[in-house]
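Taking the hints into account, I'd like the entire structure generated from these sequences.
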Amino acid sequence: MTPQQQQQAHLPIHAPLDLKDIPTIFLPSPHNRNPSFRLPWQTSAPPPPTPLNTFFLRSLASAETEIYIQTPNLTAPPVLTAILRTLHRGINIHIVTSEKLMILEQLVTAGTTTSRCISKLITRYQDLCSSQTTDLEAGRPKMGDLRIEYFTPKGQGRGEPQKSHLKCTIVDGELVILGSGNLDRASWFTNQELGVAFFDKGFAEKLRIDLEGALKGRVRRVL
1123 MTPQQQQQAH
1133 LPIHAPLDLK
1143 DIPTIFLPSP
1153 HNRNPSFRLP
1163 WQTSAPPPPT
1173 PLNTFFLRSL
1183 ASAETEIYIQ
1193 TPNLTAPPVL
1203 TAILRTLHRG
1213 INIHIVTSEK
1223 LMILEQLVTA
1233 GTTTSRCISK
1243 LITRYQDLCS
1253 SQTTDLEAGR
1263 PKMGDLRIEY
1273 FTPKGQGRGE
1283 PQKSHLKCTI
1293 VDGELVILGS
1303 GNLDRASWFT
1313 NQELGVAFFD
1323 KGFAEKLRID
1333 LEGALKGRVR
1343 RVL
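Under the numbering used here, read the sequence shown as residues 1123 to 1345, first letter to last.
The calculated label-pair distances, taken between Cβ atoms and stated as ranges, are:
hint	residue 1	residue 2	range
1	L1141	P1171	23 to 33 Å
2	P1150	D1332	18 to 28 Å
3	P1145	Q1278	41 to 51 Å
4	H1216	P1173	18 to 28 Å
5	K1142	D1267	34 to 44 Å
6	E1334	G1281	18 to 28 Å
7	Q1278	Q1254	35 to 45 Å
8	R1246	G1277	29 to 39 Å
9	T1187	C1251	13 to 23 Å
10	D1140	K1242	38 to 48 Å
Cross-link-like lysine-lysine pairs, in silico, DSBU-like; alpha carbons within 30 Å at most:
hint	residue 1	residue 2
11	K1285	K1242
12	K1328	K1338
13	K1323	K1289
14	K1338	K1323
Since the hints were derived computationally from the structure, they do not count as laboratory data. For every residue, glycine included, the Cβ atom is placed at its ideal position computed from N, Cα and C.
Structure, rendered in structure tokens:
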């Protein structure tokens, strides 16, 4: 990309950070055999217990205040279930994903699409919110707030990014998970992926600020 294209893109190309003293964990996710076919009314197969899959689910389960998730696609059943469980504990979740990215690949590998999964997620979330009165009377925490946005380019101009392929999760403003792992079925069940967890509040805060700046004017809120 030329300097002119970088300027037109209005996205942070390089953010200098000193990561030498930040605790990190490498999270591999080796290639796995695709689970056996299951009928629509059968429960989903459990995901392979790879370090990346396990760490991600445990991070959501242990979150105390809020979670930020940015992913190209969101079709992995274990992730969608974990998101609802986390919201039910009163944790706020902000999701940025894509509405029409790699549609054919999603249909082949997951039998569904991100937009369909998001619609179902919203419906299930709203159903849970509607039953909040009973939960509150039973002493359960209030449902967390769910915010969902689709990445939308500002236009077709030269240098304007047309897709978002970042995979990033920020938990409680102090844990960051980056890497190649998407939150779709292919990444969770078959693909070989690699993630890295960073434990640093300053890094998490700077990354969140940079992302918000890069996405300004490039997201469409659906919830």
